[in-house]
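Protein chains in written order, with the numbering used here: chain L, 1 to 116; chain Z, 1001 to 1112.
It is worth saying that the hints were derived from the structure and are not from the lab.
Please note that a few of the clues may not be correct.
Residues from chain L shown here face chain Z by an in silico Cβ test under 7 Å; the list is partial [said to hold, decoys possible]:
no., residue
1, Ala31
2, Ala39
3, Pro42
4, Tyr51
5, Pro98
6, Gly108
7, Gly110
Glycine residues also receive a C-beta, built at the ideal position from the N, C-alpha and C atoms.
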Amino acid sequence: DTEVTQTPKHLVMGMTNKKSLKCEQHMGHRAMYWYKQKAKKPPELMFVYSYEKLSINESVPSRFSPECPNSSLLNLHLHALQPEDSALYLCASSHYPPNVNTGELFFGEGSRLTVL
Amino acid sequence: DQQVKQNSPSLSVQEGRISILNCDYTNSMFDYFLWYKKYPAEGPTFLISISSIKDKNEDGRFTVFLNKSAKHLSLHIVPSQPGDSAVYFCAASGDNTGKLIFGQGTTLQVKP
């Protein structure tokens, strides 16, 4: 099983809503990532969790709140978002330490978020 | 300031011919370069990588060339197949955190 599963695939929310994106993997990976990709832009790293602890926060606004409840799950809690936060949110996972250089970084299909 | 750039947003080639996708970078501290392929409604999938100490890496129909002095790499696909039609992202890594810096992507269309 080399899948990273993300739900929901599509999400539309208002600026006052609270919602969550979910990500799950069963490859035994101990590093999990959130990337954000805006239209016609490259994916950009937001957060990295290693062994369920936040190891990298790329200066992401606090309206995005990540959570790693166990080694298989990664959540991204969303609150008071702005329309400019509309994007594709990609989850990824890898072994730790990550050996991304040989391609051992597996991405999910992404959750497409629209903020109205 | 984009550290990894793919200046061609799209490329169209005929089936059986060579596809050449280009990528430039600015940070000389990058030590690995990767190519990812992305189909619509799917996440990016790893294709091939190259270490900064090499100038060529080949895997089947895919070859990546690295020119460190020019800070340039290219992906060659020979022969191109219609199933290769996808968005191709160049990415670079310079540490052991798992962080990848991506280019904007090039959409490749291979016509039958």
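Now the hints, each set against the structure:
no.	hint	result
1	Ala31	holds (6 Å)
2	Ala39	violated (11 Å)
3	Pro42	holds (4 Å)
4	Tyr51	violated (13 Å)
5	Pro98	holds (3 Å)
6	Gly108	holds (5 Å)
7	Gly110	holds (6 Å)
In terms of the numbered hints stated before, the structure departs from hints 2, 4, listed from lowest to highest.
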